[in-house]
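From first to last, the protein sequence lines stand for chains A and B. Under my numbering, the residues of the first sequence are numbered 1 to 342, in order. Under my numbering, the residues of the second sequence are numbered 1 to 342, in order.
A couple of the hints might just be wrong.
Since copy identity is lost for identical chains, a pair holds within one copy or between any two.
Unchecked claim - Below, in silico cross-link-like pairs of lysine-lysine (DSS-like), each with a Cα-Cα straight-line distance of 30 Å or less: (1) Lys15 <-> Lys105; (2) Lys228 <-> Lys276; (3) Lys341 <-> Lys225; (4) Lys213 <-> Lys298; (5) Lys339 <-> Lys225; (6) Lys228 <-> Lys258; (7) Lys137 <-> Lys15; (8) Lys137 <-> Lys126; (9) Lys298 <-> Lys27; (10) Lys105 <-> Lys339; (11) Lys141 <-> Lys209; (12) Lys27 <-> Lys294; (13) Lys13 <-> Lys68; (14) Lys137 <-> Lys228; (15) Lys213 <-> Lys294; (16) Lys341 <-> Lys276; (17) Lys78 <-> Lys68; (18) Lys68 <-> Lys15; (19) Lys276 <-> Lys339.
I should point out that these hints are in silico values taken from the structure, not numbers from a laboratory.
There are 2 protein chains.
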Amino acid sequence: MIPSIEWVDEENKVKMIDQTLLPHELKFLEFEDYREVANSITVMNIRGAPAIGAAASMAMALATLEYKDLSKDEFLEKMNEAANHMRKARPTASNLFWAVNRMMKIIENSNGSPSEISEEIVEEAKLVAQEDVNVNKSIGKHGAEILADGDTVLTHCNAGSLATVQYGTALAPVRAAIEQRKKISVVADETRPRLQGARLTAYECQYDKIPVKVCADNSSGLLMKLGKIDKVIVGTDRVSSDAVFNKIGTYLVALAAKDNNIPFYVACPRSTLSLKDTIDDVEIEQRDSGEVSKILGKVQVTPEGVECLNYAFDITPFRLVTGIITEDGVFTPEEMLKKYKE
Amino acid sequence: MIPSIEWVDEENKVKMIDQTLLPHELKFLEFEDYREVANSITVMNIRGAPAIGAAASMAMALATLEYKDLSKDEFLEKMNEAANHMRKARPTASNLFWAVNRMMKIIENSNGSPSEISEEIVEEAKLVAQEDVNVNKSIGKHGAEILADGDTVLTHCNAGSLATVQYGTALAPVRAAIEQRKKISVVADETRPRLQGARLTAYECQYDKIPVKVCADNSSGLLMKLGKIDKVIVGTDRVSSDAVFNKIGTYLVALAAKDNNIPFYVACPRSTLSLKDTIDDVEIEQRDSGEVSKILGKVQVTPEGVECLNYAFDITPFRLVTGIITEDGVFTPEEMLKKYKE
Numbered sequence: 001m002i003p004s005i006e007w008v009d010e011e012n013k014v015k016m017i018d019q020t021l022l023p024h025e026l027k028f029l030e031f032e033d034y035r036e037v038a039n040s041i042t043v044m045n046i047r048g049a050p051a052i053g054a055a056a057s058m059a060m061a062l063a064t065l066e067y068k069d070l071s072k073d074e075f076l077e078k079m080n081e082a083a084n085h086m087r088k089a090r091p092t093a094s095n096l097f098w099a100v101n102r103m104m105k106i107i108e109n110s111n112g113s114p115s116e117i118s119e120e121i122v123e124e125a126k127l128v129a130q131e132d133v134n135v136n137k138s139i140g141k142h143g144a145e146i147l148a149d150g151d152t153v154l155t156h157c158n159a160g161s162l163a164t165v166q167y168g169t170a171l172a173p174v175r176a177a178i179e180q181r182k183k184i185s186v187v188a189d190e191t192r193p194r195l196q197g198a199r200l201t202a203y204e205c206q207y208d209k210i211p212v213k214v215c216a217d218n219s220s221g222l223l224m225k226l227g228k229i230d231k232v233i234v235g236t237d238r239v240s241s242d243a244v245f246n247k248i249g250t251y252l253v254a255l256a257a258k259d260n261n262i263p264f265y266v267a268c269p270r271s272t273l274s275l276k277d278t279i280d281d282v283e284i285e286q287r288d289s290g291e292v293s294k295i296l297g298k299v300q301v302t303p304e305g306v307e308c309l310n311y312a313f314d315i316t317p318f319r320l321v322t323g324i325i326t327e328d329g330v331f332t333p334e335e336m337l338k339k340y341k342e
Numbered sequence: 001m002i003p004s005i006e007w008v009d010e011e012n013k014v015k016m017i018d019q020t021l022l023p024h025e026l027k028f029l030e031f032e033d034y035r036e037v038a039n040s041i042t043v044m045n046i047r048g049a050p051a052i053g054a055a056a057s058m059a060m061a062l063a064t065l066e067y068k069d070l071s072k073d074e075f076l077e078k079m080n081e082a083a084n085h086m087r088k089a090r091p092t093a094s095n096l097f098w099a100v101n102r103m104m105k106i107i108e109n110s111n112g113s114p115s116e117i118s119e120e121i122v123e124e125a126k127l128v129a130q131e132d133v134n135v136n137k138s139i140g141k142h143g144a145e146i147l148a149d150g151d152t153v154l155t156h157c158n159a160g161s162l163a164t165v166q167y168g169t170a171l172a173p174v175r176a177a178i179e180q181r182k183k184i185s186v187v188a189d190e191t192r193p194r195l196q197g198a199r200l201t202a203y204e205c206q207y208d209k210i211p212v213k214v215c216a217d218n219s220s221g222l223l224m225k226l227g228k229i230d231k232v233i234v235g236t237d238r239v240s241s242d243a244v245f246n247k248i249g250t251y252l253v254a255l256a257a258k259d260n261n262i263p264f265y266v267a268c269p270r271s272t273l274s275l276k277d278t279i280d281d282v283e284i285e286q287r288d289s290g291e292v293s294k295i296l297g298k299v300q301v302t303p304e305g306v307e308c309l310n311y312a313f314d315i316t317p318f319r320l321v322t323g324i325i326t327e328d329g330v331f332t333p334e335e336m337l338k339k340y341k342e
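Bound-form chain A, shown alone (with noise of 0.2 Å):
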């Protein structure tokens, strides 16, 4: 499994995987300028909200370094003006906002010169990417408790490793089970419109050797009437109240579940709980019309002049979930309630 971001200690650089060309091509990046990183967010290069969190730290840690030779002045003003860049990469990144808050939060609080705070920022770039493999593991060690010897994971966008730094959310509980020697294949999602299943997905399982299929967006139903989906893992945006938040075509597909009797498993860490809010406090994000019309920009499917609906994410009520799996173990929603609901 590659890290999709890394800090290269050595050289004082970013790493990532360009997966803009994934599944054709494994291509990294290396950037030793914040602007880089930044458009590597906006371009997507790397997506997946506890990826994109990883690399602003580490743009902000690249900043630091340009300007650890000014006056502490100059340096704060400087550093303002890079959180504030950064946060334009792309405003509907919640993590992206997140991860620059906290390194802003150590540099004004600081008493130490430039210098000293470029060190201290570097190490904690490095610590929001320790953190994220920490949370990514305890998820699979909890989640792999509900996987069986010879189940087949039927995900549902990519929650894997490249939407993370490493070991993903989703598919943190299969590549736990693996390493427990249980015997577990992969069902992916194509997940229209921007096909992060078909291309994600089926990408960093093949290269993991997890047995992994793709099958389109509409056939989860059937396949799991065939008896060919043995459990359901996806990942989420964010989890309120009463619902989960997640990639288009998550409700239809704990729906089948449900109809099915298969349980249905949402993977989250705690960070994306988001209990204050219920369904009706949140907007659900409508992107361009040309996603769907034009297939990763290149097949022109509809006729022209015909407007495509394209909304990003779907509403999954609590009453489909079976369960969900935080890095303190697996709750069903009422007991997560209870345990985190202050």
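Since the structure of chain A is provided, determine the placement of chain B on it from the hints.
Okay, now just chain B, sitting in the frame of chain A:
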């Protein structure tokens, strides 16, 4: 609305839309040789069960014209050859066999000369096409009654004019309601892997000025939840005594409709009823992995070496079906069984 296929009387020709070029180009093919019609079915210039039935009938008419100056014995021999050739055009299309057999029965039972038989078969082929249009218009008339002014109808795949000779099955109620001056709009599931919804349903709606939007298959659940869909109408390939068989993805749409209290209707000519069958009698066709992995044969999406599951049809149990619309009326599944099952 353009007929997908027609017989050109003055020239004894078959004229059809080349559906492989839609929605980007509207081109007509004209054939005087039955072998060319067989090929057009094989390469899917024409598709949809009723349209294939009409094409096969007209191909047999072309064959009679080719051989009408032979002796009766030679004529019969050549017509048997033609029938066998046609049956091989697309072996899974039941309407193909039905149409060829209907023509051969007339040919074999006739006392007329080859030339007289040819005239009879040309008329019969035109009748097959006309019968289809009549059935569809009856489905439209009955189906229009369930549509209210202002409704948005979700449909899956293409069961429109292009799948039939003209007018369509699932789209017939929409057309009829609009003829009654109701305001109706359509949301077309794109229908992976072959994208008949995005390509064909969108095309024929746009052509006929029926308001239409396209969505990725995995968004129908959210659209229903957001109140953007009032009714679902789909076509069907076969109705057994316990389920509706239709394009893969239909079951998920039906589950979402049920969960959101949205009526789910199936437009079904009597000829598509197969009430002696049950779910267990029907084997689901598995098609080539490449239809999913390489979109429209143009864009490779998955990594090399990853297999795609590609089941062509879905099983929707009667408990999810609000009504079945035939040329005789709108029936609950129970009423339909009572009416049509001997």
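Consistency of the hints with the structure:
1. In the homo-oligomer, the alpha carbons of lysine 15 and lysine 105 lie at most 30 Å apart inside one protomer (25 Å), although the nearest pairing across protomers, at 73 Å, exceeds that limit.
2. In this homomeric assembly, lysine 228 and lysine 276 come within 30 Å of each other (Cα to Cα) only across copies, at 27 Å, whereas the closest approach inside a single copy is 37 Å.
3. In this assembly of identical chains, lysine 341 and lysine 225 lie within 30 Å of each other by CA distance solely across copies; the values are 26 Å between and 36 Å within a copy.
4. In this homomeric assembly, lysine 213 and lysine 298 come within 30 Å of each other (Cα to Cα) both inside a single copy, at 24 Å, and across copies, at 20 Å.
5. In this assembly of identical chains, lysine 339 and lysine 225 lie within 30 Å of each other by CA distance solely across copies; the values are 29 Å between and 34 Å within a copy.
6. Both within a single protomer and between protomers do lysine 228 and lysine 258 lie at most 30 Å apart by alpha-carbon distance, with minima of 15 Å and 24 Å respectively.
7. Taking the shortest alpha-carbon separations for lysine 137 and lysine 15, only the intra-copy value of 22 Å comes in at or below 30 Å, while the best inter-copy value is 63 Å.
8. With identical chains, the CA atoms of lysine 137 and lysine 126 are at most 30 Å apart within one copy only, with a shortest distance of 17 Å there and 68 Å across copies.
9. For the homomeric pair lysine 298 and lysine 27, the shortest alpha-carbon distances inside one copy (21 Å) and between copies (23 Å) are both at most 30 Å.
10. For the identical chains of this complex, lysine 105 and lysine 339 are intra-copy neighbours only, at 29 Å inside a copy versus 74 Å across copies, given an alpha-carbon limit of 30 Å.
11. Taking identical chains as interchangeable, the C-alpha atoms of lysine 141 and lysine 209 lie at most 30 Å apart only when both belong to the same chain, with a minimum of 19 Å there against 56 Å between chains.
12. Taking the shortest Cα distances, lysine 27 and lysine 294 sit within 30 Å of each other both inside one copy (25 Å) and across copies (22 Å).
13. In this assembly of identical chains, lysine 13 and lysine 68 lie within 30 Å of each other by CA distance solely inside one copy; the values are 16 Å within and 82 Å between copies.
14. Taking the shortest alpha-carbon separations for lysine 137 and lysine 228, only the intra-copy value of 27 Å comes in at or below 30 Å, while the best inter-copy value is 41 Å.
15. With identical chains, the CA atoms of lysine 213 and lysine 294 are at most 30 Å apart both within one copy (24 Å) and between copies (14 Å).
16. Only within a single protomer do lysine 341 and lysine 276 lie at most 30 Å apart by alpha-carbon distance; the minimum there is 8 Å, versus 55 Å between protomers.
17. Proximity of lysine 78 and lysine 68 under a CA criterion of 30 Å is satisfied intra-copy only: 10 Å inside one chain copy versus 90 Å between copies.
18. Within a single copy, lysine 68 and lysine 15 get their C-alpha atoms as close as 21 Å, which meets the 30 Å cut-off; across copies the closest is 76 Å, which misses it.
19. Taking the closest pair of Cα atoms, lysine 276 and lysine 339 come within 30 Å of each other only inside a single copy of the chain (14 Å); across copies the shortest separation is 54 Å, beyond that limit.
Going through the hint list in order, the structure satisfies each hint without exception.
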